[in-house]
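Asks: These protein sequences, in sequence, are chains A, B, C and D.
Going letter by letter, the first sequence gives residues 10 to 242 in the numbering used here.
Going letter by letter, the second sequence gives residues 20 to 133 in the numbering used here.
Going letter by letter, the third sequence gives residues 631 to 715 in the numbering used here.
Going letter by letter, the fourth sequence gives residues 115 to 234 in the numbering used here.
Worth flagging that the hints you see were computed from the coordinates, not collected in a lab.
Wrong hints could be hidden among the right ones.
For each label pair, taking beta carbons as the anchor points, the in silico distance ranges come out as [unchecked claim]:
{"hint": "1", "chain 1": "C", "residue 1": "Leu651", "chain 2": "D", "residue 2": "Thr170", "range": "33 to 41 Å"}
{"hint": "2", "chain 1": "B", "residue 1": "Gln56", "chain 2": "A", "residue 2": "Val34", "range": "48 to 56 Å"}
{"hint": "3", "chain 1": "B", "residue 1": "Glu126", "chain 2": "D", "residue 2": "Thr170", "range": "50 to 58 Å"}
Please read all numbers here as calculations on a predicted model, not as lab measurements.
Ideal placement from N, C-alpha and C gives every residue a C-beta, glycine not left out.
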Amino acid sequence: MIKRLIPLLLVISLFFILLKVATNVAPNYDLTGVAKTYAEQGASDLGAMNLVTAIVVTYRGLDTLGEVTVLFMAGTGIALLLRRKKKKNDSGIKNRAASEILKTGSKLLVPIITMFGAYIFINGHLSPGGGFQGGAAIASAVMLMFLADSSFKINHKVFVLIESFSGIFYVLIGVLGLVILGADNFLDNRILPLGTFGTILSAGTIPLIYTLVGLKVGTELASILDNMKGELE
Amino acid sequence: MEWYRILGSIITLIGSIFLFLGALGVFRMPDLYNRMQAGTKATTLGTILTLLGIGICHYEWIGQILVIIMFIALTNPISSHALARAAHFKGIPLTKGSVADKLKEKESTEVEVD
Amino acid sequence: MELQQGIFILMGLAMIIAAVLAMHVKDLISSIIAVGVVSLFASILYLLMQAPDVAMTEAAIGAGLSTLIFLYALHKTKDVEEEND
Amino acid sequence: MNITTIVHITGFALILIGFWGMLTQKNMIKIILGLAIVETGVQLVMVAFGFIDGRTAPILDSAVELSKASSLIVDPVPQALVLTAIVIGVAVNALMLTFVIRLYQQKKSLSINDYKDLKW
Chain A
10 MIKRLIPLLL VISLFFILLK VATNVAPNYD LTGVAKTYAE QGASDLGAMN
60 LVTAIVVTYR GLDTLGEVTV LFMAGTGIAL LLRRKKKKND SGIKNRAASE
110 ILKTGSKLLV PIITMFGAYI FINGHLSPGG GFQGGAAIAS AVMLMFLADS
160 SFKINHKVFV LIESFSGIFY VLIGVLGLVI LGADNFLDNR ILPLGTFGTI
210 LSAGTIPLIY TLVGLKVGTE LASILDNMKG ELE
Chain B
20 MEWYRILGSI ITLIGSIFLF LGALGVFRMP DLYNRMQAGT KATTLGTILT
70 LLGIGICHYE WIGQILVIIM FIALTNPISS HALARAAHFK GIPLTKGSVA
120 DKLKEKESTE VEVD
Chain C
631 MELQQGIFIL MGLAMIIAAV LAMHVKDLIS SIIAVGVVSL FASILYLLMQ
681 APDVAMTEAA IGAGLSTLIF LYALHKTKDV EEEND
Chain D
115 MNITTIVHIT GFALILIGFW GMLTQKNMIK IILGLAIVET GVQLVMVAFG
165 FIDGRTAPIL DSAVELSKAS SLIVDPVPQA LVLTAIVIGV AVNALMLTFV
215 IRLYQQKKSL SINDYKDLKW
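Please build the complete structure, drawing on both the sequences and the hints.
Replies: Now the structure itself:
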């Protein structure tokens, strides 16, 4: 009884705190503070059509770098904790092979999904989407291969290479901002010309950075999936 | 009203009728395989027709809509096929009135060959 | 009440019901699928709230990858049990 | 009742349900599922803070006039924050599930009551 009572009390107190929040928030009718500045100057400053991309990649670029680092740490921790033991042969459960339709269909779909992921992160500054969404789409393609073909294995060497090089280039682009534009300009996108507003080769380094982030996130999520999958078969 | 708008609306209406029939089939069919069959065939055709109707009404979007139709035509039957196969291997029974079970026959012949 | 608010209320109710089911059901697979449903409805709400970027992320990661990771973890913890018996 | 309030109520309800689940469930995977529900609720609440009725998405395409952009779009800052929060959330969930798998390999149990090694 007492075991149920304490959680109940905690949930009720949380309810009153949240009630206070809910009743005190008035819906806002205009942008204020930093959001107003971003909305007014984002286009002329950075040349990106998608303001969320502008905030994620440039205005708050350091946060994104930290976030990619956290993702990398989580992936490394998972790989470390679930490291493969010696392969047990013949656990008794045999996997049924996937049907021909499923194999052919997934082989047809995987390149299309990967291309769609690349399209998402290359067009991140023009349309909704960006590195994280494109990376998730690429990881979904790997997930489809895992589900459709139980003998499918990812090429770890290629994945590690892509992941580490995209990380290194991401930091290098940040440092180039310091070198070219002077202090306070870490991860500035204006080291490349801004170009014509609304075309694909515009907004300085934003497409470049988002491509690197997309490759990194995609390979990291795919490796997390691979590690979680393990040697079940 | 232009003629293509009327044509697009009619096609969209036919598509939504198919979608409704698919939903009815999921509700009324006796076992899992029949339900899955209704929920896949009817909704695939219904979705394709609905999208096509919208594409005819707003003809500047027809390119994107053709790509979406291709995706649906690839994914929907394949995923349904995989689900039905998995359900069959899991041993979910067929309805009493069914007359043939080709997958079972195929499996038994395969075992004999091995 | 306008149509838009009605849609939001329906979506919210569906999310709350799915969340309660996820916590209440004994079967773990149903529970995981229910959490995936909560994520899927959340992504629709993001789209209606004019946040397409967040909607894409939530649909791909929250409803897709996350569910699969949970299922893999469940499979791994079940697998050892069967071997042990 | 406006849309921000509706979504806030939904998000707060999700937070409470997930919190209650985290506190009362015994199965460790279910505790993590509760945390996932809490995450979804918090993200919904944060996006709803930036929502303004009748405005369009923060993408400055042909539908948005550049000079009047700040009066036509919703707040982009919470969206950017939530975008990163979702990706971090799934990484954290995966890491916690990894710990659960390792614990299970040690004691062959998913119940939180079996792990009392540090309890005195």
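Asks: At the C-beta level, are Gln56 (chain B) and Val34 (chain A) separated by a distance inside 48 to 56 Å?
Replies: Since Gln56 (chain B) and Val34 (chain A) have Cβ atoms about 49 Å apart, the given range 48 to 56 Å holds.
Asks: Look at the Cβ atoms of Glu126 (chain B) and Thr170 (chain D) and judge whether their distance stays inside 50 to 58 Å.
Replies: holds, 56 Å
Asks: Starting from the hint 33 to 41 Å, judge whether the C-beta atoms of Leu651 (chain C) and Thr170 (chain D) obey it.
Replies: holds, 35 Å
Of the numbered hints stated above, none is contradicted by the structure.
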